[in-house]
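Trainee: Sequence:
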Amino acid sequence: MSDCLVQIRWREAQLSLALFNGSYLGSKPTGIGVVARDLIRELDPLMVPLLDPLKGSRPGSIPIRNDLMPELGMKAHLRRLIWTQTKLPKIVRKAGSPILLSPLPEAPLLKGIRSVVIAHDLLPLRYPKIEPLLLYHLSYVPLVLNSARKVLCNSEATARELNGVLGIPAKKLIKIPLGFDRVNLRPLSLERKPFFLVLGRHNPHKNIFGILKAFSQIKEKDMQIWFVGPHDRRYTPRLKKCSEELGISRRCKWIPWVTDEEKLRLLNTCQALLIASFWEGFGLPALEAIACQTPVIASNAGALPEVVGDAGMLVDPKNAEEIATAMRLMLLDQSLRLNIIANGAKRLKVYSWEKSARVIESVLEDL
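Our numbering applies: residue 599 is where the sequence shown begins, and numbers increase by one.
It is possible that part of the hints are untrue.
Claimed, not checked - Distance ranges between label pairs, derived from CB positions:
id, residue 1, residue 2, range
1, 916, 860, 25 to 33 Å
2, 815, 733, 34 to 42 Å
3, 856, 765, 34 to 42 Å
Said to hold, decoys possible - DMTMM-like cross-link-like pairs, simulated, lysine to aspartate or glutamate; straight-line CA separation at most 25 Å:
id, residue 1, residue 2
4, 791, 858
5, 791, 919
6, 851, 908
7, 811, 843
Read the hints as simulated data drawn from the structure, not as lab findings. For clarity, every value in this text was computed on a predicted model and none was experimentally measured. Beta carbons: idealized from backbone N, C-alpha and C, even for Gly.
Using the sequences and the hints, build the whole thing.
Mentor: In structure tokens, the structure reads:
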């Protein structure tokens, strides 16, 4: 990028409402990375310029270093935290932008930077584990949430947790339902194949052990279950061993990552999506499945009931028998499937990245 173009973009940033902290963006996004990528596409680039580590073609973006993304591991996470406290304040001040908009609870502290952050859940506090990031979740994240001018919550469940657990004032919390990519997530009218689909990481709260136990009760030998999500050396080997002990390892497929095109095809060919987590702050895969007219078997905990509603089957995540029963019904009851799909079309009207972006821009204007 030429120096002249960089200077033009800095001048454009000085007229903006906020800078979007894109340091979490990566080439293989999952979870928060997907939210950040899809949301920035709908935000007005003149109102909210992007701090862009990928050097993309978005108008008005400002390039930043590209070694901070989560897919690069723990060292990148630490680099990002240090960069956020030391370098990011200087970038915000140079841009002259009044607010920093962050897609997760990460922002400079004690630097006089006004921030608006998006909160997704408090899972690390709900299910704490002794690990390097525990202090990050116990201290840094609450500090960021308390110091932010506004906290955008992806669901009512998340807003209630922030207020009840961390004491974030309700007047500072604004519900911003997530959206879905209408280009890359749509029905393709493909033939359904004999497999259930699970999207997401292998963390304990995802209840994959429970899903494996439930699937072991499905006796159709040609039926498989595919797990698509980043492998974790803390959990994935134990999950694979569990599948062996249950005698279903040959019917389990473990895929670390797929492209948007591959995910679209999987969602359009699976029998149903399973998201039987013990807790979700939102549950984006459920919305993605509904967008593809794919039935959802979802947990009745956290935000999933408000996201899925009657566009899926809600189950007790602690009851493997109940999960297995839902799986059987999805395979056998065609009228149930058609009813769920019809209800899903109504649910989709509630969720839109464009709507989310307009609400966020309104919040920034008010500030």
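Trainee: Take the hints in turn and mark each one as holding or not.
Mentor: To see whether the hints hold, each was checked on the structure:
For residue 916 paired with residue 860, a C-beta distance near 32 Å keeps the hint of 25 to 33 Å intact. Evaluation of the 34 to 42 Å hint for residue 815 and residue 733 yields a pass: the beta carbon distance comes to about 41 Å. The given range of 34 to 42 Å is respected by residue 856 and residue 765, whose C-beta atoms sit roughly 40 Å from each other. Between residue 791 and residue 858, the direct Cα distance comes to roughly 19 Å. Compliance with the 25 Å bound is thereby established for this hinted pair.
For a cut-off of 25 Å, the pair hint linking residue 791 to residue 919 stands: about 23 Å separates their Cα positions. Proximity of residue 851 to residue 908 is assessed by CA-CA distance (about 29 Å); at most 25 Å being required, the pair is judged violated. Of the pairs offered as hints, the one joining residue 811 and residue 843 holds, with about 10 Å between alpha carbons and a cut-off of 25 Å not exceeded.
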